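J.: Sequence:
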Amino acid sequence: LVRTGNRRQIHSSRRSWSDLKDNGWVGVALDATLGDEGRVVVCGHLWKQQRSDRNSEPDFYAVNGICYWMYARDISKADTANELIPLTDISLQTVEILGRSEYVYALGQVGIAVHFPKGNNQLLLGAPGVYSWRGTVVRLRDRVAANEIPNRRKREANHTSNIFYDPDFDECDGDLLNCNNDQDWLSQEMTPHVVEKRQSSRVFPFADTIVPHLLFTESVVPSSYWGKQGECPIRQSRPCKLRYKRILYVAGAPNANSTGRAYIFNYQPNGNSQSPLEIFWTFKGRQLGEFFGGAVAALDINNDGLDDLVVGAPMYSIPSDTSQFAEDSLFPDQGRIAVYINNGLGFEDIASQQFFGSRTANARFGTTLSAVGDINRDGFDDLAVGAPYEDGVGAVYLYLGSRNGFRSSPQIIRASVLSDQLRGFGISISRGVDMDHNSYPDIAIGSFASGHAVVLRSSPVARITGTITATPEKLPISSTEFAIKVCLLYTGNDGPKRQEIDVTLTADMERQSPRVFFATNTTNGSRQNRAEHSYKRSLTKDVRACDDFVLNFVPNIADFSKALAITLDFKLNEEILQIGRSANQLKSRPVWIKNDRTRDGAGGQRRGKRRVGGQLKAFCNECAMLDPIDVSRVTATVPFINGCGDDDICTTDLSVTAAWENIPEKFVVGSVETARLIFRVSSSVEPAYGPILTISMSRFLRQRFLPSSCSADLSIEDRNILECRLPGPIDKGKTAELTLDIGMDKLRGYMTEVDINVTAFSISNEINPANNFINITLPLEAQADIFVTGSSKLGQHYYSLDEARPPHSRGSPNIIDTTTNFQVIKHLDTPVEEIILTLSIPYSFTNDDANSSKFLTVSHVGDRKFPCEIHPVLQVSSKRSRRSIDSAAILDDVSSGNATAEAQTQFSLLAGNISTELNCTNGVVRCASITCHVGPFKEAGSYVDLSFRYHIDMNRIEPKIGKNTTIGLKTTAEVNFQGDLAGMSKELAQFDEKPNKAVVLTLLIANQMQETLPLQWLVLAIAGGVLILMLIATGLAKAGFFKRDKMQEIKDRRAEEALLKNHRPPLSGAQLLEAEGPIDVGASIVIT
1 LVRTGNRRQI
11 HSSRRSWSDL
21 KDNGWVGVAL
31 DATLGDEGRV
41 VVCGHLWKQQ
51 RSDRNSEPDF
61 YAVNGICYWM
71 YARDISKADT
81 ANELIPLTDI
91 SLQTVEILGR
101 SEYVYALGQV
111 GIAVHFPKGN
121 NQLLLGAPGV
131 YSWRGTVVRL
141 RDRVAANEIP
151 NRRKREANHT
161 SNIFYDPDFD
171 ECDGDLLNCN
181 NDQDWLSQEM
191 TPHVVEKRQS
201 SRVFPFADTI
211 VPHLLFTESV
221 VPSSYWGKQG
231 ECPIRQSRPC
241 KLRYKRILYV
251 AGAPNANSTG
261 RAYIFNYQPN
271 GNSQSPLEIF
281 WTFKGRQLGE
291 FFGGAVAALD
301 INNDGLDDLV
311 VGAPMYSIPS
321 DTSQFAEDSL
331 FPDQGRIAVY
341 INNGLGFEDI
351 ASQQFFGSRT
361 ANARFGTTLS
371 AVGDINRDGF
381 DDLAVGAPYE
391 DGVGAVYLYL
401 GSRNGFRSSP
411 QIIRASVLSD
421 QLRGFGISIS
431 RGVDMDHNSY
441 PDIAIGSFAS
451 GHAVVLRSSP
461 VARITGTITA
471 TPEKLPISST
481 EFAIKVCLLY
491 TGNDGPKRQE
501 IDVTLTADME
511 RQSPRVFFAT
521 NTTNGSRQNR
531 AEHSYKRSLT
541 KDVRACDDFV
551 LNFVPNIADF
561 SKALAITLDF
571 KLNEEILQIG
581 RSANQLKSRP
591 VWIKNDRTRD
601 GAGGQRRGKR
611 RVGGQLKAFC
621 NECAMLDPID
631 VSRVTATVPF
641 INGCGDDDIC
651 TTDLSVTAAW
661 ENIPEKFVVG
671 SVETARLIFR
681 VSSSVEPAYG
691 PILTISMSRF
701 LRQRFLPSSC
711 SADLSIEDRN
721 ILECRLPGPI
731 DKGKTAELTL
741 DIGMDKLRGY
751 MTEVDINVTA
761 FSISNEINPA
771 NNFINITLPL
781 EAQADIFVTG
791 SSKLGQHYYS
801 LDEARPPHSR
811 GSPNIIDTTT
821 NFQVIKHLDT
831 PVEEIILTLS
841 IPYSFTNDDA
851 NSSKFLTVSH
861 VGDRKFPCEI
871 HPVLQVSSKR
881 SRRSIDSAAI
891 LDDVSSGNAT
901 AEAQTQFSLL
911 AGNISTELNC
921 TNGVVRCASI
931 TCHVGPFKEA
941 GSYVDLSFRY
951 HIDMNRIEPK
961 IGKNTTIGLK
971 TTAEVNFQGD
981 LAGMSKELAQ
991 FDEKPNKAVV
1001 LTLLIANQMQ
1011 ETLPLQWLVL
1021 AIAGGVLILM
1031 LIATGLAKAG
1041 FFKRDKMQEI
1051 KDRRAEEALL
1061 KNHRPPLSGA
1071 QLLEAEGPID
1081 VGASIVIT
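Here the sequence shown is numbered in the working numbering, starting from 1 and rising by one per residue.
No lab work stands behind these hints, which were simulated from the structure alone. Note that the structure is a prediction, hence the values are computed from the model and not measured.
Below, simulated BS3-like cross-link-like pairs (lysine-lysine); rule was C-alpha separation at most 25 Å, straight line:
hint : residue 1 : residue 2
1    : Lys77     : Lys21
2    : Lys732    : Lys474
3    : Lys1051   : Lys1038
4    : Lys854    : Lys963
5    : Lys938    : Lys994
All chains should be built: construct the whole structure from the sequences, respecting the hints.
T.: If you want it as structure tokens, here you go:
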């Protein structure tokens, strides 16, 4: 900019300084205007003036700030920059104001923000450090010689328009030299500039300066940082006395009240630096430290001719829970922007819109705001928002204006997509400037941490509209095909004359099985039947192009309830888009702004940092893009003539009922294996197309046979789900029926109910879903009765007393083997999974040791599949037992082992005999307990037989019982429910009609013969027997017994008796009844 270095400058006694340009941050802010008379301003807010006594080291530094400006036409020329240093007045560095020392200009830092309002003739500079960090906005305006300025009446008469006039100037009535002459000096570089515009005028650029003293402005608090970020003009509708719309200004004070504020204000028409500003509106932040007002922008978002306001709060922290604002619940510095719409009378206190970017922590969304112009040429101003710390590299958001404010979906330009070198991308954003003369504004974005500037240029926006027309407009159900006409129209501002697009047509694609298809020819001439068709189309701007297509129906369509949907999608041809674009640009192609990274030359080095690649010439400034907010899809519906009313939408009211066939209100578990359930679905209002019945049953219910119209859903383990298609459509007032055979054999007696949920629906629109669902609950009842019977195989056994045995046999083992049989029977219908059979068997005497007095052992000879347990263990010899009983589980003795001596010697006497009974209730003997688990019992009358073999040692019984006695060995049996019915004794008590206990008595009879008969008596007995036999034979012969017919009669009777004997019923209490016979042909007998 300048090559003079640090030097001493003297302008007057109040204006002399020595430069300290080192670390001045020149370039922190810049702005420019366009045109032949355009100007460029660049500032360094940390420029300092250094002061000292004569020939001594500097002892005072004032951080005043500096700006340099030049005409745009001279930007390539050396030493053409002019200095703007409005805060160098020595007397105003520190001042006593109201009894207190204030830093007025010493910490001013002018130039931290810079902005050209409308035109070139004035400039606004932010100075946040003025007046002890209250801040201010410095305004500089051109000074024009008074005799060169026509008054208002002359201008109106001559229709003169002077680009240097601000409406506020008119309030000075043309006396610009004396209107605002608080600062009557010119920088030595400022020279008059002559502009040819109807007449020559001498112009002194930026010669008039005003530095408002905010000490005298109400509502401005200390440390506000006024002017910290940009100042913009606001067009406001309140008319001024000159019938012009007033130009107001907005500035942010991001530290005001620790939340931040933004002000819309104006300068006093004839005021000076000590005149208070006119504050029109104040906008307040809502969160401590959010830096509200850190950036501001004015633009006409909704194209109503009035400027609207956007305020950034880059350090706003979004709460994790919007109902809480605790510090530990915040995600820091996401940032936000608030949008205030100018309604013609002013602004509301509450923002009409808020945006938060991507809500990324530490992104500082809203650090920079730039009104970039109408980026897509739709008539609404657009806004660029910087988030320079997002994801550690930065991003820029582009919000498009519309009649209702900003559109909710911005374009996001991420630094990581553009280049992996960029850091701090979005710290600054230029206003929109058409660099490549395609009538669309381009923008430049600063990337401060990596030292880059990125230029993004806009492509022309193409707008394409499409229509679909069907012939006929309504389709008969009997149709086999129909035709459609597809028309496309391409329009756009300053785009190419022709545009290639890719078109895709789809038919009925929202359905899983489309009902129609396009009959098109492939490249090899064959027919291709698909519900999707793609083709390319060349469009001429503003000329409608149409194409015809035929669609065929799929055979056997059942659903005519909803109209066919034909969809048209279009996009710009990808091959055409690649013309003029490098591979690096194609990697990320933004929608409105084309990613273009520029450099001068082939890529040089500056301060050790690599410049970003990309050539300006590589950009195709005529290649159009579609605005993604515009509609790129068109859908047309083609209804059927289906009897569903004028709206062609079928509306129905389905109702569903269900009933069991021949099933009582309370179902007895096990009574039947299969039950029939009938479902009925009725329709009212209009036909129901595609009716479907969904049935959800308990997993204990299963369909016996799956109808072909039904499918099973096996995804849910505890439910059996069926989906059944009913014959349709179901016309108004008609009923569809579905019958299912349900298997009931999985139900169990412990269950109290099962449920079935049924839902009916159709493709037609349902107006009353409440009656589409029913729940069927079937109450269940268990009915089961068990009982036990028992018998001894022989009933009685004879044994020899030891003294009656031959001498050589006395003392040897005297064992009786006997078998006891038990039968467990289940009555009634409910299946029983398991029954416990418990036996109590005497095995030793209580007055002796259990092992020494053990007189009985037992082995199980019944069915192997029923496990039994015994206590105590009664082991038997392997020679005598077929197999040992399972004795893994030990059970307690049934009888007590603590009986008195008197009870131990007392035996029960059988009535009418002198027998002794060994049982488990008299305390004389110990008893073993045998428990067997038997089952399952499915049908009524099913039974299980169990047999046990006893081995009785009479040598251990005889000494206790004595001689001449009959012994009764009493075994008791008891059955109880186990498993699923174990806890249902109360429920099943009402059906308990059969005995649950049985007693088996085995008689042991003593043989008391002590001597053998004499031989003569034996011979006499044999001879007598032979004589008797001969007499019997003689009698039979005389009676004709040995004749053939008599013998045959006897054989027949014996065969009949044997047949009846073989059909003996089980031990269940049944009787074999004999009736008198024979029964003649045609006759009958009655047994009651």
